[in-house]
Amino acid sequence: MRKSVISGAAILALSLMLSACSGAATDTTSSEPAAPESSQSESAAPVDEVTRTGDFAGQGEKSVAGTVTVSDSEIVLSDYSSDEGPDLHIYLTNGDDEAAISAGMLIDTVLFDEATQTFTLDGVDVAGYDTVVIYCDKVKAIFGSALLS
Amino acid sequence: MMNRALSLVASIIMGAARVGLGILWLNEGLFKLKAGFDGADIGLVVDSTVSNNRVPDFFEAFTTTFLGGAPGFFGWAIPALEVGLGIALIVGVLTLPAALMSAFTLLTYWAADQLIDEYPIMLALSIVTAVFVVSASRLSVTTIVEKLVQRTKPETRWFSAPVRRWL
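Protein sequences appear in the order of chains A and B. Note that this note's numbering has the first sequence beginning at 1, numbered continuously upward. Note that this note's numbering has the second sequence beginning at 1, numbered continuously upward.
Looking at chain A on its own, in the form it has when it is part of the complex (with noise of 0.2 Å):
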């Protein structure tokens, strides 16, 4: 009985440990995109640097919605929401498909219920993407995108 319970105690500890240590391996092997230093904060984008605008519209039956400002230096979403979903982030790609997601950038996690949302971007050539897109990473699901102009 003693043999019983120190191994089974030893195998739920040996299971926690491992499954820690594949989380912790997700977040540093991912085969996502490399992410620039990106956070959101309330900043403004300052008014000599050059901004795109597009306003988001869903994909499939998925909604997506608000506008989106990108300049030299964030990402600004305005009067934004979108459906719930698991693991939505933004994107900064060319094109609005799954290859256009392979082949972009990641930028951050984006919250579907936060109307203004700011992601700071940092050594981010902007002017190579021309479009963004919210990206449930979990379905590998595009929910919707916005096309800057």
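Derived from the structure by calculation, the hints contain no laboratory data. This one's a predicted model, so the numbers in the text were calculated from it and none came from an experiment. Keep in mind that a hint or two might mislead.
35 Å max Cα-Cα, derived DSBU-like pairs, lysine-lysine [said to hold, decoys possible]:
no. : chain 1 : residue 1 : chain 2 : residue 2
1   : A       : Lys-138   : B       : Lys-32
2   : A       : Lys-62    : B       : Lys-32
3   : B       : Lys-34    : A       : Lys-138
Far from chain A, by Cβ distances over 10 Å, these chain B residues were calculated [unchecked claim]:
no. : residue
4   : Leu-44
5   : Trp-76
6   : Glu-155
If we take Cβ atoms under 8 Å as the criterion, some of the chain B residues that face chain A in the derived model are [as the list claims (entries may be wrong)]:
no. : residue
7   : Lys-34
8   : Ser-48
9   : Gln-114
Virtual Cβ for every residue (Gly too), placed ideally from N, Cα, C.
Got chain A sorted already, so can you dock chain B onto it with the hints?
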């Protein structure tokens, strides 16, 4: 005396693993219900298994045939399954079938190349709960019912081995 104490500790640890797994499943299912998960989301899963070359061919065939064949049904059944697993594991009824179903369901999510932080932990807890099911279900509703039944009908064989471990 020592064995009894160790048995109690094992029951608490394994019971905690079972309840923790149940809470994670309940959270998963309630999230889907709150987000309005339905047939359209099943369609997204099917589409992603077709377009994702990391998904094994056999699973792509499974999703296109079964999930894609009845998206409305599975849009309802998947959250119901997750909530059901959560409740069964938290209260401790049908612990072994629930733990096995939990592991199987997580393997299908893995086959679909879906990964969030909780899934590896949930799979580990499923295995621990299934392997040490006697300890994991000692502090449970099933045990309470067992005691009540044995008090009123001592001759009953419903809770004798090997049936007991499946309850």
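Going down the list of hints, with the structure as the test:
no.: 1; hint: A:Lys-138 / B:Lys-32; in the structure: holds, 13 Å
no.: 2; hint: A:Lys-62 / B:Lys-32; in the structure: holds, 14 Å
no.: 3; hint: B:Lys-34 / A:Lys-138; in the structure: holds, 17 Å
no.: 4; hint: Leu-44; in the structure: violated, 4 Å
no.: 5; hint: Trp-76; in the structure: holds, 16 Å
no.: 6; hint: Glu-155; in the structure: holds, 28 Å
no.: 7; hint: Lys-34; in the structure: holds, 7 Å
no.: 8; hint: Ser-48; in the structure: holds, 4 Å
no.: 9; hint: Gln-114; in the structure: holds, 5 Å
In this structure, only the earlier hint numbered 4 is contradicted, and the remaining ones agree with it.
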